[in-house]
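Novice: Start from the sequences, fold in the hints, and give me the full structure.
Chains as they are written, first to last, in numbering that gives the first Met the number 0: chain A, 0 to 376; chain B, 0 to 261.
Relax, there's no trap hidden among the hints.
Heads up, simulated DSSO-like pairs for lysine-lysine below, C-alpha to C-alpha not over 27 Å straight-line:
id: 1; chain 1: B; residue 1: K91; chain 2: A; residue 2: K43
id: 2; chain 1: A; residue 1: K45; chain 2: A; residue 2: K89
id: 3; chain 1: A; residue 1: K79; chain 2: A; residue 2: K35
id: 4; chain 1: A; residue 1: K272; chain 2: A; residue 2: K365
id: 5; chain 1: A; residue 1: K319; chain 2: B; residue 2: K120
id: 6; chain 1: B; residue 1: K155; chain 2: A; residue 2: K272
id: 7; chain 1: B; residue 1: K120; chain 2: A; residue 2: K53
id: 8; chain 1: B; residue 1: K120; chain 2: B; residue 2: K91
id: 9; chain 1: A; residue 1: K93; chain 2: A; residue 2: K59
id: 10; chain 1: B; residue 1: K42; chain 2: A; residue 2: K59
id: 11; chain 1: A; residue 1: K45; chain 2: A; residue 2: K93
id: 12; chain 1: A; residue 1: K365; chain 2: A; residue 2: K197
id: 13; chain 1: B; residue 1: K120; chain 2: A; residue 2: K45
id: 14; chain 1: B; residue 1: K48; chain 2: A; residue 2: K319
id: 15; chain 1: A; residue 1: K323; chain 2: B; residue 2: K42
id: 16; chain 1: B; residue 1: K245; chain 2: B; residue 2: K155
id: 17; chain 1: A; residue 1: K7; chain 2: B; residue 2: K174
id: 18; chain 1: B; residue 1: K174; chain 2: A; residue 2: K9
id: 19; chain 1: B; residue 1: K120; chain 2: A; residue 2: K323
id: 20; chain 1: A; residue 1: K89; chain 2: B; residue 2: K91
id: 21; chain 1: A; residue 1: K61; chain 2: B; residue 2: K91
id: 22; chain 1: B; residue 1: K42; chain 2: A; residue 2: K61
id: 23; chain 1: A; residue 1: K75; chain 2: A; residue 2: K117
id: 24; chain 1: B; residue 1: K42; chain 2: A; residue 2: K319
The set of hints was computed from the structure by calculation and includes no laboratory data.
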Amino acid sequence: MKEIFFCKSKVIFTLIYLCIAIGAVVFVNNDAFLYKKTVAEVQKSKITDRYIQKSQNMKKEKYYTQTLTVKILNGKFKGKKAYVTNSYSKSEVKTVRYEKKDRVFVSIAENNGDLVGKVTGFKSDFAVLLVILIFIYAMIIVAGLRGILFLLASVVNVGLLYAGLDLYAGGMDIMYICYAMIFLFTIVSLVCISGLKKSTAISITSVFIVVAVVGIIYKIVLACTEAPDYIMMEYVSGPNDLNRLFFMEILVGCLGAVMDVAVSISETACVLKNNTPDMPVKTFINSIRELGRDITGTMVNILFYSYFCGTVPMILVQMKNKYKFNYICRFDLPFELTRFLTGSIGIVITIPVTAVVAWFVLYRMKAMKLHSSRNED
Amino acid sequence: MNFVLFLIFIVLIIAIGGDRGVMSLVALLGNVIVFFSSVYIMKYNDPYKLVLFDIVFMCLLTLIYQNGVNIKTMSSLVSVVIVAVVLMYISKYIGHLGNMGGYNEFEMYEDTLMNLSVNIKINLPDVAVAMLVLGVTGALIDIAVAVTSSVYEVWKNNTENDEKTLITTGMHLGKSILGSTINTLWFACVGEFLLMFLLFRRYEYSFVSLINSKAFFDIIANIMLSATGCCAVVPVATYVFTKMTKWDRFAKHEAESTEENI
Chain A
0 MKEIFFCKSK VIFTLIYLCI AIGAVVFVNN DAFLYKKTVA EVQKSKITDR
50 YIQKSQNMKK EKYYTQTLTV KILNGKFKGK KAYVTNSYSK SEVKTVRYEK
100 KDRVFVSIAE NNGDLVGKVT GFKSDFAVLL VILIFIYAMI IVAGLRGILF
150 LLASVVNVGL LYAGLDLYAG GMDIMYICYA MIFLFTIVSL VCISGLKKST
200 AISITSVFIV VAVVGIIYKI VLACTEAPDY IMMEYVSGPN DLNRLFFMEI
250 LVGCLGAVMD VAVSISETAC VLKNNTPDMP VKTFINSIRE LGRDITGTMV
300 NILFYSYFCG TVPMILVQMK NKYKFNYICR FDLPFELTRF LTGSIGIVIT
350 IPVTAVVAWF VLYRMKAMKL HSSRNED
Chain B
0 MNFVLFLIFI VLIIAIGGDR GVMSLVALLG NVIVFFSSVY IMKYNDPYKL
50 VLFDIVFMCL LTLIYQNGVN IKTMSSLVSV VIVAVVLMYI SKYIGHLGNM
100 GGYNEFEMYE DTLMNLSVNI KINLPDVAVA MLVLGVTGAL IDIAVAVTSS
150 VYEVWKNNTE NDEKTLITTG MHLGKSILGS TINTLWFACV GEFLLMFLLF
200 RRYEYSFVSL INSKAFFDII ANIMLSATGC CAVVPVATYV FTKMTKWDRF
250 AKHEAESTEE NI
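Specialist: What follows is the structure in structure tokens.
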């Protein structure tokens with residue numbers, strides 16, 4: 000067991016990676032000189048005041064005021080100590096509690112020889128670096144070469160997303176960007192995940208068909224029923240083309256799940272056909288259907304949890320404000336629900352679509368080839 | 000409109016999935032009920048314990064209810080719970096380092112949230128960490144089941160139970176499904192936060208302000224930590240399975256069931 004988990008190449012990789020990671024961590028830990036804003040490190044924090052605040056819904060809550068002694072790390076006050084006050088509530092919804100070693104942005108003024116001021120923001124670049132480093136390490140150590148390919152695909156995808164947003168900001172029509180992005184996302188991800196082979200072609204084709212079908216179903220349902228109130232969506236920046244943006248969100252959101260199902264089905268289909276080349280069509284379709292039934296349940300669960308967990312903090316805040324659960328469901332959850340339902344519909348129809356595409360590629364195209372070669376003879 | 004979509008979904012899943020489709024619908028319904036009732040109870044409770052309970056319940060529902068008690072489901076359950084607990088500790092630490100949870104800079108000024116009282120007596124950073132772990136559990140179960148079932152196939156056909164073969168099989172299968180599962184999470188996330196990315200673009204965030212933005216950290220910590228959990232569950236599930244094959248109970252159980260089959 001040891002030789003697999005601790006083989007030589009993994010140990011060497013870990014050592015090299017550790018060196019790079021430590022270098023990066025040390026650099027980011029000391030990058031205050033790159034910032035224009037004043038950066039400070041909290042050295043001491045002391046709670047100087049406690050009070051209870053009542054809000055309009057008569058809820059009481061404990062508030063604390065803390066006095067922080069911070070050491071300034073850049074700018075003209077570099078190296079000096081300053082005193083900063085900050086108040087936070089127990090639930091930390093809008094306020095933040097700072098502790099020793101936290102890095103913060105401060106605005107500082109001189110007052111009778113002392114430096115005082117207030118905190119303007121939290122410096123989170125170190126934590127961003129840390130999560131990325133941990134993920135890259137885990138991915139490569141577990142998945143090896145495939146992990147590296149996957150990381151490559153992710154980087155390309157992020158670049159594509161950035162380029163797409165750039166084009167949108169430049170005034171281009173969102174629908175063209177959306178279709179182009181779905182096209183490129185699918186090809187890049189699938190080629191990097193499963194390599195250049197026949198099953199990849201099958202899954203790419205079926206993903207395109209499924210996304211088109213999901214889009215059509217959504218459009219038909221939208222035309223027949225009342226449209227949701229898009230202005231209630233989170234992070235709305237302008238009221239102009241929200242319906243099209245939401246359509247794009249739906250298509251991109253279901254893309255990952257559809258790809259996952261399509262890849263597992265098409266790979267199994269190719270393996271089945273390779274192992275028993277003269278398998279009857281009926282057995283072939285039946286085994287694919289069986290596989291599809293196995294994976295639908297868990298895939299739908301993944302989508303449900305990954306969409307709805309993000310909304311819980313907001314639901315909690317609203318419930319604490321005595322909003323009725325009905326109200327929350329009607330006004331805040333419909334978008335999540337639509338995303339989840341369209342994604343699930345996508346997952347379910349991927350199974351027959353991929354089965355048909357695989358049948359076409361593995362059975363019909365072969366028959367057509369045989370036919371044409373016979374004609375040539 | 001959601002109702003019509005829901006009807007379409009039900010019709011499709013029953014038409015294509017048959018009785019298994021009905022079964023996964025029941026499991027989904029159970030998950031929905033557990034999820035919303037735990038959100039309701041969370042008003043009064045510690046989110047961590049509640050989420051741990053949720054995770055175990057979810058495993059019971061998706062693993063035991065749909066696949067029965069056997070070495071595959073038991074080892075998946077154990078490994079999912081182990082990974083979830085460890086991930087919870089790591090996320091709590093990193094969430095604290097990066098100030099995760101609470102309103103981000105866009106929500107702070109959003110109309111619908113502006114007139115809500117923020118005195119809620121629940122620590123929102125804790126809720127955010129708990130929800131991160133709960134959100135990835137579905138993916139953890141998916142991977143753990145795939146890994147343990149493939150190892151199980153090898154173990155069943157191999158009387159000598161060579162540990163090395165089992166581990167290699169598990170890791171190999173893990174490699175092949177890891178990418179597509181993480182892709183599911185990543186595209187779901189892009190779909191959910193597309194408008195926020197547009198906001199980043201509209202307010203012309205520079206690189207420096209982006210990596211120090213609260214909204215950005217919330218998203219990236221969510222994706223990266225979830226993906227790390229997915230990676231971690233592959234070796235853990237393989238290891239737990241190989242350990243469990245040594246238990247008499249499962250070995251005996253296995254022998255009996257193969258005799259029955261014969």
